[in-house]
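Participant: Take a look at the letters that make up each chain.
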Amino acid sequence: MPIKLPFRPRGGEFPPDLWTRCPSCGDMLYNKQLEKNLRVCPKCGHHFRLRVDARLAHLLDEGSFEERDADLESVDPLAFVDQKPYPERLAAAKVTTGLRDAALWGTGRIAGQRVALCVMDFAFMGGSMGSVVGEKVTRAAEHALDERIPLIVVSASGGARMQEGTLALMQLAKTCAAIARLAEEGVPYVSVMTDPTTGGVFASYAALGDVNLAEPNALIGFAGARVAAGTIAESLPPGFQRAEFLLEHGFVDQVVPRHELRDRLALLLGYLRPAEERVGARAAAGDGVSGLGGFNPLGFLAGGGERETGRG
Amino acid sequence: MADAPTAPGAATLDARAHAWERVRHARDVKRPHTLELLRLMATDVVELHGDRLFRDDPAIVAGFARLDGRPIVFVGQQKGAETEENIRRNFGMPHPEGYRKGMRLFALAERLGIPVVTFVDTPGAFPGPASEERGVAESIARSIAMLTRLRVPVVVVITGEGGSGGALALAAGDVVIALENAIYSVISPEGCASILWRTADAAQEAAVAMRLTAGEQVALGIVDEVVPEPGAGAQDDPAETARRLKPAIVAQLDRLAGFEIDELLDARYARYRAMGAFATAQPTGAPRPERPGIAERLRTLFEIGRITLGGPEPAPLRPQAADETDEPPLREEI
Numbered sequence: 146m147p148i149k150l151p152f153r154p155r156g157g158e159f160p161p162d163l164w165t166r167c168p169s170c171g172d173m174l175y176n177k178q179l180e181k182n183l184r185v186c187p188k189c190g191h192h193f194r195l196r197v198d199a200r201l202a203h204l205l206d207e208g209s210f211e212e213r214d215a216d217l218e219s220v221d222p223l224a225f226v227d228q229k230p231y232p233e234r235l236a237a238a239k240v241t242t243g244l245r246d247a248a249l250w251g252t253g254r255i256a257g258q259r260v261a262l263c264v265m266d267f268a269f270m271g272g273s274m275g276s277v278v279g280e281k282v283t284r285a286a287e288h289a290l291d292e293r294i295p296l297i298v299v300s301a302s303g304g305a306r307m308q309e310g311t312l313a314l315m316q317l318a319k320t321c322a323a324i325a326r327l328a329e330e331g332v333p334y335v336s337v338m339t340d341p342t343t344g345g346v347f348a349s350y351a352a353l354g355d356v357n358l359a360e361p362n363a364l365i366g367f368a369g370a371r372v373a374a375g376t377i378a379e380s381l382p383p384g385f386q387r388a389e390f391l392l393e394h395g396f397v398d399q400v401v402p403r404h405e406l407r408d409r410l411a412l413l414l415g416y417l418r419p420a421e422e423r424v425g426a427r428a429a430a431g432d433g434v435s436g437l438g439g440f441n442p443l444g445f446l447a448g449g450g451e452r453e454t455g456r457g
Numbered sequence: 003m004a005d006a007p008t009a010p011g012a013a014t015l016d017a018r019a020h021a022w023e024r025v026r027h028a029r030d031v032k033r034p035h036t037l038e039l040l041r042l043m044a045t046d047v048v049e050l051h052g053d054r055l056f057r058d059d060p061a062i063v064a065g066f067a068r069l070d071g072r073p074i075v076f077v078g079q080q081k082g083a084e085t086e087e088n089i090r091r092n093f094g095m096p097h098p099e100g101y102r103k104g105m106r107l108f109a110l111a112e113r114l115g116i117p118v119v120t121f122v123d124t125p126g127a128f129p130g131p132a133s134e135e136r137g138v139a140e141s142i143a144r145s146i147a148m149l150t151r152l153r154v155p156v157v158v159v160i161t162g163e164g165g166s167g168g169a170l171a172l173a174a175g176d177v178v179i180a181l182e183n184a185i186y187s188v189i190s191p192e193g194c195a196s197i198l199w200r201t202a203d204a205a206q207e208a209a210v211a212m213r214l215t216a217g218e219q220v221a222l223g224i225v226d227e228v229v230p231e232p233g234a235g236a237q238d239d240p241a242e243t244a245r246r247l248k249p250a251i252v253a254q255l256d257r258l259a260g261f262e263i264d265e266l267l268d269a270r271y272a273r274y275r276a277m278g279a280f281a282t283a284q285p286t287g288a289p290r291p292e293r294p295g296i297a298e299r300l301r302t303l304f305e306i307g308r309i310t311l312g313g314p315e316p317a318p319l320r321p322q323a324a325d326e327t328d329e330p331p332l333r334e335e336i
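These protein sequence lines map, in sequence, to chains P and A.
Everything in the first sequence is counted per this note's numbering, starting at 146 for the first residue and increasing by one.
Everything in the second sequence is counted per this note's numbering, starting at 3 for the first residue and increasing by one.
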């Protein structure tokens, strides 16, 4: 079989490693310029998907990110085989993305305000949530509770990872439980939904933010549009399951263009202060940190003891 | 793998037949559903209707009942026994208002200090536009979150189909009981097959791969107890099924009543906290290369070459950069 090296697979006017066509307005965009513009089309404002490192670089103060639990890796608890064994799919995703799984978490600062941040990357197996993603979101939430700092989760996911079966489904329960405890303890949580946020991720932590933000035109929905259309055998309304649709129906607080996201988060974080910190700051007359450390009656709940159980 | 099937994705006939029989039983229209089971095993059943926000969802039933005199709040999906009722019940596929009715009842149970028993039997939450418009995902997430922190005991019974998030919305509790032929899965076997095998015909294979039978769910630690069904299945003898199920629920209610509520909540949190399987990577080697190596870049080139030569994959509609990320490398998503 002759091998054809496709240096210029389509006529070659725009080498694909240098140019990208905007799927929305059809313009050819110079890749370097696109990256510089946070992968937003300068002509029509189409938001391309953002990789996790670019997202972190954009949102957080320079050099403030400290990744945690970077060593977590998926295993194959069901010995799942479809057309390709699950471990092979994982290995391929690792090679193409340079990531261990579809989410990273750590601590950092946004305009000087300390947060626990978890960011998903759609490039790793469609951002699907298996045990590792669920664990990272949960650890981020538990850490936010421990340290009493706001939690931010930036979602990009097709849903639960089928290859982990009901163990993937249980990540919905695990993450919802951790988020529910945050709410109980007065630690705020901002959910940022990017294209796409669907299925089990939308039906768990992504929907539960004290404030829900979304990027323009991001696909956000429970069931795939094909499933929805097939089930009801009728055409779907225009803009169905897009960020603006959710804003209109009351499930998203704001649709925020990527360029404004960092400032909007910083603005919100000024209001979203963990309840006790506010009280502590008043009581300790400006010395909020020591006031915090002195009074944390429920701290044991978020202690290392329970986290150990997750490793079993 | 020691137990690998002969060809990729081809489960053995035995395994397929076994798993698929469970799926067929779990979906049998003659199978007793939530209200039938309650009629057979409970007394003083009072159904309550409506979410106080939009409407009453007939796909979820909720209310009060007594099991051997003990009061419970029940919430469960309800399928119909024949076509007309099934259409009215939307084949047990709840809209968001169904889950919000459930949450209304959970809150009431907490205020009254009455334990909750949920009955899970749904192909999944309804995926249509009306359901999306009213926030079905939000209602599921909130229902799960609420159950994980509810300050009364929660006993979950999977009676038939445990279909994905729409099932889990009622299935986060202190203990999970399943009937012998119940199934529990992250997506329907047909849905899984059409995504991973590209054809719904591979549903039987998917059913095996997902380990969706009650017995396998026990092995995974997701179901705690399986109640055997009479004859060929619950549909053969609903009365006997209820007779076997009732003592299992009552025993769990009595056991859970012995705990302080904070103790119970910690145990409930720990139960879901421990679910999932992952490893900690070896710190050796360079796990995250900054740039793809030469071999990887060549492989990418060959891959594109294969596509331009008219391989089985459809050609991309636009030029693809080596680091193009806007198309998923695989189609894993649900």
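These are computed hints drawn from the structure, not numbers from a lab.
There could be a bad hint or two in this list.
[Said to hold, decoys possible] Label-pair distances were calculated between CB atoms; the ranges are:
id: 1; chain 1: P; residue 1: 202; chain 2: A; residue 2: 73; range: 49 to 59 Å
id: 2; chain 1: A; residue 1: 55; chain 2: P; residue 2: 420; range: 22 to 32 Å
id: 3; chain 1: P; residue 1: 202; chain 2: A; residue 2: 260; range: 49 to 59 Å
id: 4; chain 1: P; residue 1: 389; chain 2: A; residue 2: 200; range: 24 to 34 Å
[Unchecked claim] Covered stretches of chain A, as calculated for chain P (at least 3 residues, CB under 8 Å):
id: 5; region: 38–46
id: 6; region: 61–74
The C-beta atom is built at its ideal place from N, Cα and C for all residues, glycine as well.
Participant: Hints first: check each against the structure and report whether it holds.
Facilitator: Evaluation of the provided hints:
The given range of 49 to 59 Å is respected by residue 202 of chain P and residue 73 of chain A, whose C-beta atoms sit roughly 57 Å from each other. For residue 55 of chain A and residue 420 of chain P, the hinted distance range of 22 to 32 Å is satisfied, since their beta carbons lie about 28 Å from each other. The hinted range of 49 to 59 Å is satisfied by residue 202 of chain P and residue 260 of chain A, whose Cβ atoms lie roughly 53 Å apart. The given range of 24 to 34 Å is respected by residue 389 of chain P and residue 200 of chain A, whose C-beta atoms sit roughly 32 Å from each other.
Using a Cβ-Cβ cut-off of 8 Å, 0 residues of the region 38–46 of chain A lie near chain P, which falls short of the minimum of three, so the contact claim is violated. For a cut-off of 8 Å, the count of residues in the region 61–74 of chain A with a CB near a CB of chain P stands at 0, and the three-residue condition is violated.
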